[in-house]
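> Okay, here's what each chain looks like letter by letter:
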Amino acid sequence: MTSGSRLPVSSTIQRRGLTALPRRDKIAVAWVLLLLGVLGWMRYTRDDATGVFPQRGLTLICPYSPGGGTDLFCRGLARAAEPLLGRGVTVNNITGGGGGVGFSAGLLARPDGHTLTAVTFELLSLPPQGLVPFAYDDFELLLRVNMDPSAVTVRADFPASTLQEFVAKAREREGKLSIGTSGPASVWHLAAARLARSAGFKARLVPYGGAAPAVTALVGGHIDAVTVGPGEVMSHVKSGQLKILAIMSEQRLEGWPTIPTTRESGVDVVFGTWRGVAVPRGVPVAVLARLRKVLGEAARSPEFISFAESTGLNLALADGDTFKAAVEAQSIEVRALMDELGVMP
Amino acid sequence: MPAEIIEILHTLGSGAVWLALLGGVLGGLFVGAMPGLTATMGVALLVPFTFSMPIMPALALLIGVYSGAIYGGTITAVLVRTPGTPASAATLIDGYPLTQRGEGGRALAIAAAAALSGGTIGTLLLILLSPQISAFALRFGAPEYCALALCGLTMIVAISADNPLNGAIAAVGGLILATVGIDPISGYPRFIFGAVSLMEGVSFIPALIGLFAVSEALRVADSDAAKMTTAAQPHGWFVRQADAIRCSWTAIKSAFIGTFVGAMPGAGCDIAAFLGYSEAKRSAAPADRFGEGEIKGIAAPEAAKTAASSGAMIPLLSLGVPGDSVTAVMIGAFIIHGLQPGPLMFTEQAGLVYAIFALVLLSHVLVFGFGSIGARLFLRLVAIDRRFLAPIILLLSMVGAYAMRSNMVDVWLALGFGAVGYAMHRHGFPVAPVILALILGPMAEENFRRALVISDGSPAIFFERPIAATLLALAVLSAIGTAWRRRRMIHGLI
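Chains as they are written, first to last, in our numbering: chain A, 16 to 360; chain B, 371 to 864.
One or more of the hints may lead you astray.
Straight line, CA to CA, 25 angstroms or less: simulated SDA-like cross-link-like pairs of lysine to any residue [as the list claims (entries may be wrong)]: (1) K217/A - P656/B; (2) K253/A - H707/B; (3) K217/A - S556/B.
Hints listed in this document are in silico derivations from the structure and should not be mistaken for laboratory results.
Only chain A is shown next, with the shape it has when bound in the complex:
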């Protein structure tokens, strides 16, 4: 090594400028400039509008981490949509802020239809908490794909076999019954609050860091009930550790024909989470129509339906307008519940 720690090339530049570089370095500089030029050209052709959609592969932003339920949903839908679009659909996990970071990224994307965002119930619960600077109507909702209602689940040895008996027990214990949820102001927390309000009992709502830890705590007997999705307790119900008392859906679920709905059990609650696809406002009408058609076909394809079955997705397709109306109604309900729970600033 030559004198000290300074490299010879940098000192040459300092003394005599670029022209005095050795031949080898000049070639290297030329290569770098050429590559930069190529990159610039690629960027230029990328933006070249020929009017045909899609011009390039699509990106589907998944606001939650890889391997989770929403990620599986995104990858299944992307795979089903690819042959219909004739282009690749890449799932990009932009996570953080309980989904807020991914939603923001989706809203900031160019409204040309090439960036889709997977939207979920949290789009309704984050804004009223003042945690994100946007609302659900900043998105153009394309399609709702699934809905997962809340399932009121207790340990197999809990002394109640119907929702009515459960409510009676809860009243008897005067607010000492504990219900585990997937986190403060999360969808299953609101479901528990909604149940308690409609059925007229008081309970301790115990927030956990997600549905899985809450279910684990229930299996371990540290809490009395959970109000999470049926898929999240499926294995424990099948093995006989837990039992579902009622499901908060309009009708009985296909996968659970023997479990009554909450309405059948005399408590007027329908509550659950959902997943869909949206784009930012301002996407051209023709592109919107194409996306709606393609996504609708993808979600109805046999490939996606069997995928949904194996992952426990409860399919509930709804097109743009129906989706929007349902979201609007739920948004009002969520605001009211949050106000009651005191999680709104």
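Fit chain B to the known structure of chain A by using the hints.
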């Protein structure tokens, strides 16, 4: 039983399974060694690819990646002071000083051997005692997890090298950082100053990358040019007999600790590694020099974290409850293939369960093989002039920080932590306590408050429950014991 043996032989007779396992272990070693790419991420990224594979190769791939990644982080932690995964941060405390003395080969050999023994013990416990261990793990509710986290926080003195006060100050800094983000119980945002990216708290990976990798690059930038390479002393393929004997009891003890910690649904490999290290240090003999390249300080965390990766499979297979974040992701792969992990699997698909046991054990053996053979290759890393190595590590670290959430904020965080880590090092503050506080702080706080929600505000819940009370007593004893030993040491009594 014969049916199970046939199933195992059938599984292992398949070339696809071997290929998947080999590829998984190699890929895992790489993923683990890359700063920012953790075992969780490696497995999560592969789960979608396993959809179209048959069940056994798919599981072999995921298990291979998991075991490989858990070890891979150690290679870079020991050799270049850049833990590839959080679980390797504990191995660095004694591993890096050994490398600086030119004994990187020895350190890696001990790590590989300890990982193999930890993995073997963990897997044997998984095979023999799954129902008992998972039943015990289920008894851990919010009060127990809180007590366990407090127990862990008393280890800060153990990992603060020779200056416990500075270690405690660093840990308090980490605990304060751990309060950033959405309040886990009330849902209110704390100290996020309107930044949506901070809602889930200060991300752990950028902190790890910044405090170790970036600060190391900064240290290289201002250190003496003459010390830019370390001559590595030659070392055989495998651990020396004397080293193995010296570390054996430490490794066995750590493996048991690791298996139990790994089996708890609320604690993973990282906590296991730190607990293993602190127990080794607590029970240190007077001649042991922890923090200055003590080989027991490598064996303990390595055995603990590898055992924990087997332990994490215990609740997964016997209860359908994931033991850590990696197995949580694996559940998705099981379900895609129509398998419901849980008590029914042992009765209905016993053959499959035994085949999984075999895969887990084999993956540890393969990791040991690659780790031992590859050590000579890895050792060349320290022969590279650090002026070239440091920027490369820095670049990879930035990519790693970004890749985790595709978020530039994490890159800035990593750089910020780098500056902090550099300043801390210059002024004699250890950085490991910050990492430990970031892991344990949220666990302690969340579970403390959750326990109080369950008990309606009565602190009696911590003392009425035998496990919680025992752990709390241990925490108090450990704190008093360390303080007392240190007093005696200062007064020259030992």
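> Hint by hint, say whether it matches the structure.
Against the structure, the hints come out as follows:
no., hint, in the structure
1, K217/A - P656/B, "violated (58 angstroms)"
2, K253/A - H707/B, "holds (17 angstroms)"
3, K217/A - S556/B, "holds (18 angstroms)"
Hint compliance for this structure: hint 1 is the single one not met.
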